[in-house]
Each structure stands twice: as C-alpha cells, then as structure tokens.
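Based on these hints, arrange chain V on the given structure of chain G.
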Amino acid sequence: MRALLRRQRYLLDYSLSSLARRPGKHLALLLVYTLIVFLLASTLLFTQSLRREAALVLAESPELIVQRLLAGRHELMPADYLHRLGRLRGVSESYGRLWGYFYDPAVKANYTLLVPRQDPPAPGDVILGTGVARARGLGVGDYLSLRSARGEPFSFKVAALLEADTELVASDLILLGPEDFRRFFAFPADRYTDIVLRVPNPSEVRKVAEKIALALPDTRPILREEILRTYDALFGWRQGVVIVLLTGALLAFVIFAFDRAAGLSAEERREIGILKAIGWETGDVLRMKFWEGAALSLTAFLAGYLLAYVHVFFFAATLFAPVLKGWAVLYPDFSPLPFVDGLQVATLFFFTVFPYTVATIVPIWRAAITDPDQVMR
Amino acid sequence: MPLSPALLALTLASLTQASLLLLASGFALRILRHWDLNSGSERQLELERRTYLVASLVAWVFGASLLSLLLFVYHAEQLSSQFVGAMCATGVLNANAWGWPALYLKMALFFAGAAWLLLNRVDNRAPDYPLVRPKYALLLLIAPLALAEALVQGQFFAGLNPDLITSCCGALFGPDSKGVAAELAGIDPAVSLTALYLSGLTVLASGLIYRWRGWGGHLFALAAAFGFGVALVAIVSGVALYVYEHPHHHCPFCLLKTGHDLVGYALYPPLFAATALALGVGLMTTWRRVPSLEGIIAAEGRRLAGMALILFAIFHGVATWLVLRSNLVLLGSG
Chain G
1 MRALLRRQRY LLDYSLSSLA RRPGKHLALL LVYTLIVFLL ASTLLFTQSL RREAALVLAE
61 SPELIVQRLL AGRHELMPAD YLHRLGRLRG VSESYGRLWG YFYDPAVKAN YTLLVPRQDP
121 PAPGDVILGT GVARARGLGV GDYLSLRSAR GEPFSFKVAA LLEADTELVA SDLILLGPED
181 FRRFFAFPAD RYTDIVLRVP NPSEVRKVAE KIALALPDTR PILREEILRT YDALFGWRQG
241 VVIVLLTGAL LAFVIFAFDR AAGLSAEERR EIGILKAIGW ETGDVLRMKF WEGAALSLTA
301 FLAGYLLAYV HVFFFAATLF APVLKGWAVL YPDFSPLPFV DGLQVATLFF FTVFPYTVAT
361 IVPIWRAAIT DPDQVMR
Chain V
1 MPLSPALLAL TLASLTQASL LLLASGFALR ILRHWDLNSG SERQLELERR TYLVASLVAW
61 VFGASLLSLL LFVYHAEQLS SQFVGAMCAT GVLNANAWGW PALYLKMALF FAGAAWLLLN
121 RVDNRAPDYP LVRPKYALLL LIAPLALAEA LVQGQFFAGL NPDLITSCCG ALFGPDSKGV
181 AAELAGIDPA VSLTALYLSG LTVLASGLIY RWRGWGGHLF ALAAAFGFGV ALVAIVSGVA
241 LYVYEHPHHH CPFCLLKTGH DLVGYALYPP LFAATALALG VGLMTTWRRV PSLEGIIAAE
301 GRRLAGMALI LFAIFHGVAT WLVLRSNLVL LGSG
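Chains as they are written, first to last, in our numbering: chain G, 1 to 377; chain V, 1 to 334.
Because the hints were derived from the structure by calculation, they are not lab data. Every residue gets a Cβ at the ideal spot worked out from N, C-alpha and C, and that includes glycine. Take every hint as true, because none was put in to throw you off.
Interface residues of chain V toward chain G, partial, derived using beta-carbon atoms under 10 Å:
{"#": "1", "residue": "5"}
{"#": "2", "residue": "7"}
{"#": "3", "residue": "9"}
{"#": "4", "residue": "12"}
{"#": "5", "residue": "55"}
{"#": "6", "residue": "56"}
{"#": "7", "residue": "60"}
{"#": "8", "residue": "64"}
{"#": "9", "residue": "71"}
{"#": "10", "residue": "78"}
{"#": "11", "residue": "79"}
{"#": "12", "residue": "83"}
{"#": "13", "residue": "124"}
Only chain G is shown next, with the shape it has when bound in the complex (with noise of 0.2 Å):
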C-alpha cells in the first residue's frame, strides 16, 4: 500500500514539474476551464441562494391565503366571507388583508401598497421600503406625494423606512393606515384584498383548504407550501436555462480541451519517448498524464469555484443577476447567505470535470502509447 501511495506522489511531483516547465501552454486551458467553471457555478450559487431566500421569506408567512374569484379573475372578496367561512376546526386565526399595486409615473414603477396588520402608521403616514425611498430620493420625515385612483393629489409624510434585510421582498413596499389605503384607492368599505387563515398544523391545511373550497366555491385557497414549491420549480427551471445556453459553451471548451491535448509538440513526445525508453511503462504514462489533468481540474476548479464564490455573495451576482431574478425597476439590492452545497458541486464536476477527462482521455492514451525510437529516431 506504501509503495503504490510512494508510486503516485513519485508520478504527481513529475507531472507538476512537467506542467510547471511549459506555463505557457497551459495557462490559456487554465483560463477557459477556470471561466467555464466560474460562469456555471456563479448560476448554481445565485439560482440556490435565491430559492433559499424565498423559502426562509416564505416561512413566515400564512398558511392559506383565499382569494375571490370572478369571471376567472381576481376580484375583491366580501367582508362577509370572513363571517361565512366561520370557525373552521384548525384554523387559529382568520383576518382580511388589505393590499393593492400602484404605478407611479414619475419613476415609471410598480409600487405594492400594504396595510400592515399590526401597528399600521397614522393616518397620513407611511413607511417605505427602500427601493421606493431610494426612487424617489426620499428620507424619514420628507413627504411622498402621489396622485389617487381619482385623480387626487394625496400626501403622506415619511414616518420609517423598512429595514434592508427584507429588500428582496419589500423593496417596493409602502405600507400605509386602512383608512389612508381605502381613501387612496377609493376601496369599497365592506371588501378585502383577500383573506388569511392561519393554521399551526401543518397536517391539517389540506382539509381545511377542502373545506373552504366546499363552503364558498368562488374562491380559491392558496397553501403557503404551493407557493413554495412553484418557486422552487421555477428557479430550478431558470437554473437548467440558463446552463442548456452555457451548452455551446461547454461544446467549444471540450474541444478546445481535445485539441491541446491532442497536440502535443515535438519536444514532449520526445519526453514520452525517453521516458519509455528508461523503462516507463504505458501504464504509468498514462497515469503521470491523469494526475496532469487531475492538477489542471482541481486548480480550474477551486479557482472559479472561489470566483463565483465572491462574485455571488460578495458582488450579489452583478453579471447574471437580471437573467435568473426577474427584473423591474425597483431592483432590490440583496446580498445572499453565504453557502456551499454538496449536490451543487457534484453537479459542476460533472458539467466540467467530466467533459473534460472524457474528452482528453484519447489523446492522451495516444501519447502514452507512442514508440520510444519512432520519435528519438
């Protein structure tokens, strides 16, 4: 065991001295690999991080939402309805929430308008997340001045801004008083947005959604854990995408890889040849060129995986952000949780990794079968 450990590290120590002699020729495979490992892992770790982000946004969210139905749209559900749905069993806690959009001309934006349910500001205040209060270049205490559904002008003075760590979700928020919001939007005084059932047992939301379904067939329940798993569906779909239109790029750099390691100069296949000659056999050619490309890989490897490391979690993905996030105008400004996932690096070693041992494998079992004379001849 001893001996073959020896035997190895004997091949790795020729080989790294083989490939520190020629930097040269192997500097610009180094750089390719390095780039197509940093292109793709930079999608894998922004795609997770953004799935992670939704689903620890999500958790806190309601159980079931129920929304009216009309004609197939969405259309504001009766006060009443809170009084019809009654007591389900399992449900702890049931209210009408009040939210709404509104584009805003003068930063051309969409804004989500939100009657928070506890604590709501005063009449004539608001509290704004901050990609509207960067908009619109406003700070605590300045006025934000909008023009009303019927053409009023309104104006509510600043009372907070909502803290950056929820930008990814309020980036666009304002939320307002329930009297501020049904005035703004001229909101009929006996309709909800929607209603919110909380359930604390998870085994339970299905039933009662069922029952909800049964009681008022206008409406459709909405389970927090639907949403979570379109989500997650929905990243994992712009993941795949994205990396099937890296394909081409895959394809050049495996011929690329093919063609470096088929052509190899005079000067190392008299290498070869004189190592045949003292007394190497195919075999261990072959294995001083696997560990070769073992250094190649490894090195291509950590380093753009480190790149797309910071250009993710540092830079918050600055290059591919717009592609894999959706976009608006109110772009929040977010930088992701930190982290490293086994299944995302077994995934990118077989996109990399992989491609390119396969497609070196040829070339290099031709080098190691070359005849010591027929080249020191």
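Coordinates of chain V only, in the frame set by chain G:
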C-alpha cells in the same frame, strides 16, 4: 419534466457512460475475434495498445457511476419539495414507475464495474494476460446495463410532473403520496435484525474459510450479495426506525441528512465497498486455476476478502451502535 442542473448533469453523465461503453463493446468484439497473443502482427499490437485505452475509459465510466449514484439520490431529495406528499427522496422515486428501477440499475452498474475493474487489475499482473477474452466478453454484458440505466433514468425524469399552482386552483386535489415500498417496511424489526446478524455471520464464515483454505470464493460472493440485500432491508425495516426513533419512519435516504448526524455515510459506503470487493473476489476465483494467475489470484483474493470482511464488520458495528444508542424500544420491554 423539471429542468434542473442536476437532472441535466445526470442525463449527460448517463448518456456519456452508455456511449463510452458502447465504444468499448465495439472494441471488445474485435478482441474476441482477433486476439492472439502469440501473433506479432500489426493488428495484435494495435489491439494490445488499445486495451490500455479501454481500461482507462471503463475505469472512468465506473468511477462516474458511483458519483452519479450519489447525485441521483441527492437530486431526488431536492426535488421532493416540488411534489405533494413527498417528504424526501423516497416520495420522488415513487412519483412514477421508473424511479426505483433507475436507482437499482445505477447500483447494479456500480457493482458490475467494480468487479470488472478488480478482474482487470488481476489480469494485468499476469505476463500473458490470460483473461483478455473473458474480460471483454463480460464488458459486452455490462454495456446493455449502462444503456438500460440511461433509458430508465430518462423515462423517470421525463415522467416527473411537479405539482405546481395552476390557474384554476392549487394542486390541492393531487393524489396522495404512496408510502415506502410497503412490503419491505412492513417486516418485523426483530426478524430483519436477526436476519442481518445471521447473514453477517454467514459472510464472516465464508470469508474466513476462503482466506484460510483458499476455496469458496463464489460462496463468499454469494453470501455477500445476499448479505447486501438483507442489510438494505434491515436498514429500511429496522435500523432506520432506531435512528429516527420513530416506529413508522422507514426512509433509507433521510439517514444521509444532517438532522440524523449523517449516519448514512458511516453505513452505506462500507456496505457498498465491502459488497463490491466480495463480488470481485467471487468473479476472479472463477479463473483461479489458470496457471499464470494461480498465485496472483490466491494472494489478491485473500487480501480483498480481508478488506471486505473488515468493511462488513464496520457496517455491522455501526448498525449495532445505532440500535444500541437509540432511545426507541421496539423489541422486548426495554
């Protein structure tokens, strides 16, 4: 079909593996027809050189199959969030009829590959390469396995329909998930744990006999293969319950999660490695009478059998420790 990177990676890997093995099969046919060590012809020389290439390709394919087995399980685990009622990989593998067969084929490919590589290793040590023909004939048998694996996995992925929100209502009325393969999980833990120890003893006995007497390699491989099956059943119906400390939680994959101290990594790798080694020993003893291999196979077989026994012992030790440290009482009054 969900279009996730891991799914694309697995498909890419399976297709590459299958096509490389097909290439190797073409070469295997040429070997079977033209191999003649005594000939000095150019063709023979070329064949000899090409065996290096094929051995490297095959080694790489089988190495990748191990990694793809792991990735497959992880990916199924990750997909579980997209299916109603799927709590972990088990639920996803149950999502259509191809899930479990894909996993089994992946395992079969790994074992076949490991045994083949061990045989190849022994053969390369003999000066006259006596096993070239049988070796490449075996490769012809393994290639369809890789093809089947790629096809079944493709079917499995193509048949996955995540339960997403639709415009009319949620996936509320989707079908309930099925449980773990009920027959296996339903086995009484007392029976499965007893079977686990009995099969362990059989493996130990046959392995020791092989090491001392030098015969019974096939018996050892057979006992190990049987022991492997029993071990998986025992994990599902017995050991898992003790790990989760819950009498109805049978999942063989949740053992790999951090929430359960990653104990799966102490259970599965020794079990898989031990079984692969034992199968290799069984395969190579078939040719123990070949003159140029006699000494090599005897020595190598003993060494590998010893390693397999140590790994089996580690597996059984870990399983026993998991049962003993658990607070769950299933057998007796505790």
